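Protein chains: 2
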Amino acid sequence: MRKGLRLGVDLGGTLVKMALVDERGRILERVQVETVKNPRTLVKTLRLAAEKWLAFPILGTGIGVAGDVNPERGVVRFSPNLGWKNVKLADYFRRMKFPLPIRVDNDATVAAWGAYHVELAGHSNNLVVLTLGTGVGGGLVFDGRLYRGATGTAGEVGHIIVEAGGESCVCGSRGCLEAYLGGAALVRSARAAYKLKGRTVDGLDPISLEKRARAGDPVAKAVWQRASRVLGIALANLVNLLNPDTVLLTGGVSRGAPLFLPNALKIMNQRAFKTSARAVRVVVSQRPSDLGVAGAALLVE
Amino acid sequence: MRKGLRLGVDLGGTLVKMALVDERGRILERVQVETVKNPRTLVKTLRLAAEKWLAFPILGTGIGVAGDVNPERGVVRFSPNLGWKNVKLADYFRRMKFPLPIRVDNDATVAAWGAYHVELAGHSNNLVVLTLGTGVGGGLVFDGRLYRGATGTAGEVGHIIVEAGGESCVCGSRGCLEAYLGGAALVRSARAAYKLKGRTVDGLDPISLEKRARAGDPVAKAVWQRASRVLGIALANLVNLLNPDTVLLTGGVSRGAPLFLPNALKIMNQRAFKTSARAVRVVVSQRPSDLGVAGAALLVE
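Chains X and Y supply the protein sequences, listed in that same order. Numbering that gives the first Met the number 0 applies: residue 0 is where the first sequence begins, and numbers increase by one. Numbering that gives the first Met the number 0 applies: residue 0 is where the second sequence begins, and numbers increase by one.
To be clear, the hints were calculated from the coordinates, so they are not data collected in a lab. Note that the structure is a prediction, hence the values are computed from the model and not measured. Glycine included, every Cβ here is placed at the ideal spot set by N, Cα and C. Among these hints, one or two may not hold up.
Here are the computed distance ranges between Cβ atoms for each label pair [to be verified]:
#1 Y:ARG39 x X:GLY251: 18 to 24 Å
#2 Y:VAL283 x X:LYS265: 36 to 42 Å
#3 Y:ARG1 x X:ARG187: 55 to 61 Å
Covered stretches of chain X, as calculated for chain Y (at least 3 residues, CB under 8 Å) [unchecked claim]:
#4 78-86
#5 202-216
#6 223-232
#7 261-274
#8 293-300
The following block holds chain X by itself, in its conformation from the complex (with noise of 0.2 Å):
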């Protein structure tokens, strides 16, 4: 990674999350903006508050967006978040001249590539990330490069399938690890099991989910019981294919991990092949707030 300054961009649905960041992934100023989904005003919102930074010789401008996108060309295919479809995002910041090259990627491959530079320097070469929130993505870095696929798709971890005619997904298959550790489904199963006992129970989320188990509600933890079952089934698989060094858990509902992760290591023990279960250490990150502006900077090489 070229000595220099980089600025990185992690746009979410709700907030966009703007720094300057050096080529060790350290965050030297930042910015937050919240989201305007038509990209004109947003991407012009951005210059103004980068104003400031761009007397600096930056080497370049990397951005990370939830949704499918195309790297090569920079352009945004299908964001659900942003209400996104065929966005030329890498365009956009080029014409407000935001500093060149422009890089554009997948948010889950950015925070993989933030969590490699950032948060696993030097302890990892193969690394699996997966992004715990509403839904559940995933990045993939593979002896030291971010592995992006065919069409820079690649890393969909949520949509591995671990039970063939298990729960409905979002995404229109059955039986994905999202369908069942994503935030958006632990809140529905918890739900639907409470309606079950004839109980409406309000301002559920992932975090009150979290608190309910703790106290040793049965609902609460029967739920989380399940996403750890699927989970350690997911981590298995990841495992036997992958044989990474390291997988990484981000996002809010990693936070849950003392709740679901033991019961999931047990499960991959069991079910994956012993040299590689034995290689791979499953870790929660401890900076997951600046995987996302770390990484998306350092898309710039």
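Use these hints to put chain Y onto chain X, whose structure you have.
Just chain Y now, with coordinates in the frame of chain X:
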């Protein structure tokens, strides 16, 4: 790949193939000997068979072995087929004065490397190979480089779990692809189904099962149908996770592809992300018997 000759060895449970191979994976000469389980005797036999070639300048020796291999140290950690445990195979070849360097790797990994160079030359950058034999193995080529993972164990495509509570697998887990599509599993499953109908059928193997299905035998058809569904799910997982441009099927059972591949592709397309599903070609190897030796030879870069 440097210009020049390499020696390639494909070490199977019953036969060893050895060939003189050029930098494009073309086989110039070849021999075949029966497998002996004593590694010293085996390597000595191979040395005698290779004698006539050793007057040529040879850039090195590559060996593919079925089992868990440590490619860095040239050690076969475990090979059920050969009854080997921690066999320092590279050392045996070194002591017998085979051309240096000596490279050892897993047979399916090696087959993937062979397919990449020989069968798909220039047409694939991100490749998943499935070796469909008695068991199901696999190899991965990412961004034009062989991917081995942390301990050389990556690519165990046969042990993707597609049905958490499904059929028992020889690996100790349940619901693995191999437990449905492996030659041994196909036969086991057909035998059980015939038995339920009060029939005993002798001499069942994947080839006869194929013939029976083609002739309209409902038991044989059902066995292939179930295998095709499971393969479809496994392909969806591979496509969502790895976004390959090519999946190549090889090995004896791949000859039955007309029976199981159309339905598997239908399921893959229903289950996988559109962008990734559209980007992948699933093909059956046209040169299955050459991939092992050619890939082994090309381990010497």
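How the hints compare with the structure:
1. Y:ARG39 x X:GLY251: 18 to 24 Å: For GLY251 of chain X against ARG39 of chain Y, whose Cβ atoms are near 58 Å apart, the range 18 to 24 Å is violated.
2. Y:VAL283 x X:LYS265: 36 to 42 Å: 39 Å, holds
3. Y:ARG1 x X:ARG187: 55 to 61 Å: Taking Cβ atoms as reference, ARG1 of chain Y and ARG187 of chain X lie about 57 Å apart, which means the hint holds.
4. 78-86: violated (count 0)
5. 202-216: Coverage by chain Y is violated here, the residue count being 0 at a Cβ distance below 8 Å.
6. 223-232: Answer holds; 3 residues pass the 8 Å Cβ test.
7. 261-274: holds (count 5)
8. 293-300: It is violated, with 0 qualifying residues against the three required.
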